[in-house]
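Trainee: Chains as they are written, first to last, in our numbering: chain V, 1 to 79; chain D, 1 to 408.
These aren't lab readings, by the way, just hints derived from the structure by calculation.
The reader is advised that the hints may include incorrect statements.
In silico lysine-lysine, DSS-like type, Cα no more than 27 Å apart, as pairs [claimed, not checked]:
#1 V:Lys58 - D:Lys64
#2 V:Lys51 - D:Lys59
#3 D:Lys353 - V:Lys52
#4 V:Lys11 - D:Lys124
#5 D:Lys124 - V:Lys58
#6 V:Lys52 - V:Lys11
#7 D:Lys124 - D:Lys59
#8 V:Lys52 - V:Lys64
#9 D:Lys122 - V:Lys52
#10 V:Lys51 - D:Lys122
#11 V:Lys58 - D:Lys85
#12 V:Lys51 - D:Lys124
#13 D:Lys178 - D:Lys247
#14 D:Lys294 - V:Lys11
#15 D:Lys405 - D:Lys365
#16 D:Lys405 - D:Lys353
#17 D:Lys323 - V:Lys52
#18 V:Lys52 - D:Lys151
Here is how the chains run, residue by residue.
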Amino acid sequence: MTVERVTATLKEVLIEEFEVEEDEIVSGANFFEDLDMDSLDAIDLIVMMDKKLGIDLKAEDAQKIRTIDEFIDLIMTRV
Amino acid sequence: MRRVVITGVGVLSPLGNDMQELQEALVASKSGVVHVESWSEYKDFNTRVCGLVNWDAYKEIPRKSRRSMGRVAIMAAKTMMDAVKDAGLSEEQISNPRTGISFGSTMGSDEALFDSIGTIAKEKTFIGQNSMSFLQFMSHTVAANIAAMFKIRGRNIPACSACTSSSMAIGIGYESIKYGMSDVMFVGGSEEAHPYNAGIFEIMAATSTRYNDTPEQTPRPFDTERDGLVTAEGAGTLVLEEYEAAKARGAKIYGEIIGYATSCDGEHITTPSSAGMEQVMRLALDDAQITPDKVGYINAHATSTPKGDIAESHATYAVFGDKTPISSTKGYMGHLLGGCGVVESIIGLISLKTGLLPANKNLVKVDETCAPLDYLFEHRYGNHDIVMNNNFAFGGINTSLIFKKIEE
């Protein structure tokens, strides 16, 4: 699985499920400070990415993510 | 004793999505009941009729508030938005500790329940479940979500008693203000359409199945050709305020709640009790300190089931005799379950405002086992100033509300 595919999937989920504006999805964006998400959103983001990519993400991973870059890095360690 | 008035209204119903639309559709005798072909995917399930709300502008509710709501709470939140705007209350008034809410529904979101529980039961795992499903289908989802969305700080009393949910919520709001616990109460209820709602009634042989191709001809409260109830969806909110405060701020006043009662049959879990229905009407009249002859219109619960309509007609006759105009407005839109009490109360307010005594839609020939009441076969107009709204639920839970036109 490539970084490009993970990035595209994350972008799609953020836009469709969390109604984030496309131009807000930039590499350093913080989920909580910049994208108006919270801890429950983080859990649901993990669940959705897990289903979309078929990777092994756990609910506790939600506590580790802060920015889009960090989250993509985390996913790449699991593929 | 503190007086309680209604200063804001919001409604989503199969007959219209605001009070004016609802009024016009009633006057035009329209039907909100439609044929639902998609229900044919369920085996051995025969009803195909349902009252549906034509509204899905979900994005009017902000995402952070909406994510924990199913359709049942989203519709209620929309009516709350409309009612708050209608009442013209400030944010400070809404979040005052003496402003509370009471909302109910029979079920949380059936759709969320099916999506979530079905998978968990089959696969025996919670992995893959999101954090929002439970918040969408829990019993008090409407009250909880509205409280969070509107930053309610006062009392929150969910009223989840099936078909009396929203009439009970109105009663709770009325008593909260009357007895000094709150100054403002947002009250109402909701239900979303789902084949499950119809299915549970079909198991009990209580749904309409003979009018699937002519949905506008069912349900038929009190009629000899009635064949059961028609489930429906919808929501409504009333803003209740203490009268002197409402008057002081120059609020528009739709009417006053002068009486309310809730009481139990204490008998069968589903079979309606005429004695229980009679009791709750008498208790509400006592609370209002009026005699039965002062009531100019009764909005009956009558759902078009064989037993319920008969029992209610005899209870009503025992209290009122045969001179008080009565109709069940379920013939126009079906049975909104948790939403029926508030929507039918709003119809009562329309009656006070316009004088309309709405006809029993689809009533052609009264079942001869029903008591001899003044059934409205056509619309009439009166100059009455008091109406009663009755609702009855599984568990033998009964409510009766009495509304009065406010003197100018």
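Trainee: Kindly indicate which numbered hints from before are broken by the structure, ordering the numbers from low to high.
Mentor: 3, 4, 7, 11, 14, 15, 17, 18
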